[in-house]
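Enquirer: Chains as they are written, first to last, in the working numbering: chain W, 1 to 200; chain Y, 201 to 400.
Don't take each hint at face value.
What the hints assert, rightly or not - Below 25 Å or equal to it, Euclidean Cα-Cα: the simulated DSS-like pairs (lysine-lysine) are:
# : chain 1 : residue 1 : chain 2 : residue 2
1 : Y       : K279      : W       : K132
2 : Y       : K285      : W       : K85
3 : W       : K36       : W       : K142
4 : Y       : K279      : W       : K85
5 : W       : K36       : Y       : K332
To be verified - FRET-style restraints, in silico, Cβ to Cβ:
#  : chain 1 : residue 1 : chain 2 : residue 2 : range
6  : Y       : K285      : W       : P131      : 29 to 35 Å
7  : Y       : Q323      : W       : M76       : 15 to 21 Å
8  : Y       : D338      : W       : T3        : 24 to 30 Å
9  : W       : A124      : Y       : D283      : 28 to 34 Å
10 : Y       : L245      : W       : E128      : 19 to 25 Å
11 : W       : E128      : Y       : T209      : 25 to 31 Å
12 : Y       : V315      : W       : E128      : 18 to 24 Å
13 : Y       : D338      : W       : E128      : 41 to 47 Å
14 : W       : P131      : Y       : N348      : 19 to 25 Å
15 : Y       : E328      : W       : P59       : 37 to 43 Å
Please keep in mind that the hints were generated in silico from the structure rather than gathered at the bench.
Glycine included, each C-beta is placed from N, C-alpha and C at the ideal position.
Number of protein chains: 2
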Amino acid sequence: MYTLYEFATSGNCYKLRLTMSLLGIEYSRKQIDITKGESRTPEFLRINPNGRVPVLETPDHRYLPESNAALWYLAMGSKLMPDDKFEQAQAMQWMCFEQYSHEPFIATSRYWMHVLNQADEYQAQLMEKRPKGYEALDVMEKHLSRHNFFVGSQLSVADIALYAYTHVAHEGGFDLSAYSAIKKWFERIEQTNHYISIDQ
Amino acid sequence: MYTLYEFATSGNCYKLRLTMSLLGIEYSRKQIDITKGESRTPEFLRINPNGRVPVLETPDHRYLPESNAALWYLAMGSKLMPDDKFEQAQAMQWMCFEQYSHEPFIATSRYWMHVLNQADEYQAQLMEKRPKGYEALDVMEKHLSRHNFFVGSQLSVADIALYAYTHVAHEGGFDLSAYSAIKKWFERIEQTNHYISIDQ
Numbered sequence: 001m002y003t004l005y006e007f008a009t010s011g012n013c014y015k016l017r018l019t020m021s022l023l024g025i026e027y028s029r030k031q032i033d034i035t036k037g038e039s040r041t042p043e044f045l046r047i048n049p050n051g052r053v054p055v056l057e058t059p060d061h062r063y064l065p066e067s068n069a070a071l072w073y074l075a076m077g078s079k080l081m082p083d084d085k086f087e088q089a090q091a092m093q094w095m096c097f098e099q100y101s102h103e104p105f106i107a108t109s110r111y112w113m114h115v116l117n118q119a120d121e122y123q124a125q126l127m128e129k130r131p132k133g134y135e136a137l138d139v140m141e142k143h144l145s146r147h148n149f150f151v152g153s154q155l156s157v158a159d160i161a162l163y164a165y166t167h168v169a170h171e172g173g174f175d176l177s178a179y180s181a182i183k184k185w186f187e188r189i190e191q192t193n194h195y196i197s198i199d200q
Numbered sequence: 201m202y203t204l205y206e207f208a209t210s211g212n213c214y215k216l217r218l219t220m221s222l223l224g225i226e227y228s229r230k231q232i233d234i235t236k237g238e239s240r241t242p243e244f245l246r247i248n249p250n251g252r253v254p255v256l257e258t259p260d261h262r263y264l265p266e267s268n269a270a271l272w273y274l275a276m277g278s279k280l281m282p283d284d285k286f287e288q289a290q291a292m293q294w295m296c297f298e299q300y301s302h303e304p305f306i307a308t309s310r311y312w313m314h315v316l317n318q319a320d321e322y323q324a325q326l327m328e329k330r331p332k333g334y335e336a337l338d339v340m341e342k343h344l345s346r347h348n349f350f351v352g353s354q355l356s357v358a359d360i361a362l363y364a365y366t367h368v369a370h371e372g373g374f375d376l377s378a379y380s381a382i383k384k385w386f387e388r389i390e391q392t393n394h395y396i397s398i399d400q
């Protein structure tokens, strides 16, 4: 059985729970409280020298850090991975976009506001992150105004990677009311069989 | 033939030139001067709505943004892509590490100092980036002190992704003199047949 080392409210960790639910993969969960430094202990650094969650432990006890790499591994050969090689590369393109142009702004804002509950303390940093977060949302809205999903015509790893923090962007102070294509895409994902929410 | 839309001195663009050289893939180059806003023109935004280089245009005129996604696409099925699925996921893990924990600190510092030549103007930001850049180098050094390459026993996409900005980290103010394992890994890469340097 797989083991997920996670901080449950993290969108990066939720990506893997959602994927395993959609694919019917069983796993156990180990909580690592990043606010208490539990991802930087000598013991955890042996699992992931980069000191971050999630880490996926495979049934044969190999460790895979980085949410999008673990998501990719779980989805290989499944309905969540496009068959076509160019579409696989497009899925990876959107996952790179998520990690570089989306997560550092939207997820980080949510972490300060929602996880640490320190919006006042981080006010200056939040204001700095906001325009780039909206830029990422604009890129997504533009794509989703012409497509039902990010790659091809069905749900894939790219949608899961981007959904994780976008659907809770309001917890980082982002107003999604004008993003109608994004909101319709939320509904399509949430209607999928075996969908689970971030608090499950 | 492939076309590479690039800003030549960018490590992200060099990843693709190095890969195509190692694999014997022919391509033409189109220069996009990001310091003059050429990646944000309406014409370029049609190619990549996220307004960044590189973009790889395939022989059948499809566009693939994001350096690591294009690198992955070029390498699929080649000697630069591990055969084993877990090792493929490990390669992706290191590429995610590069984009999230390495590039925003080391490449950004190099951009301010070496490309814009504005070390004084960006002094405060450079000081902020430095510790996290060294953290990434420490993670690499630790891995390379026990392994010749990042995944398996031979050069892969993971090494190319990480080599691109690490070997020019000194241009971003990082002192690599204490990183002996990283320097030996540079030599292994530079001795590979059909290796080209970043200024080629």
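Enquirer: Does each hint hold? Answer for all of them.
Expert: Against the structure, the hints:
no.	hint	verdict
1	K279(Y) x K132(W)	violated (37 Å)
2	K285(Y) x K85(W)	holds (15 Å)
3	K36(W) x K142(W)	violated (39 Å)
4	K279(Y) x K85(W)	holds (17 Å)
5	K36(W) x K332(Y)	holds (20 Å)
6	K285(Y) x P131(W): 29 to 35 Å	violated (39 Å)
7	Q323(Y) x M76(W): 15 to 21 Å	violated (45 Å)
8	D338(Y) x T3(W): 24 to 30 Å	holds (27 Å)
9	A124(W) x D283(Y): 28 to 34 Å	violated (49 Å)
10	L245(Y) x E128(W): 19 to 25 Å	holds (24 Å)
11	E128(W) x T209(Y): 25 to 31 Å	holds (27 Å)
12	V315(Y) x E128(W): 18 to 24 Å	holds (22 Å)
13	D338(Y) x E128(W): 41 to 47 Å	violated (27 Å)
14	P131(W) x N348(Y): 19 to 25 Å	violated (43 Å)
15	E328(Y) x P59(W): 37 to 43 Å	holds (42 Å)
Checked against the numbered hints above, the structure breaks hints 1, 3, 6, 7, 9, 13 and 14 and satisfies the rest.
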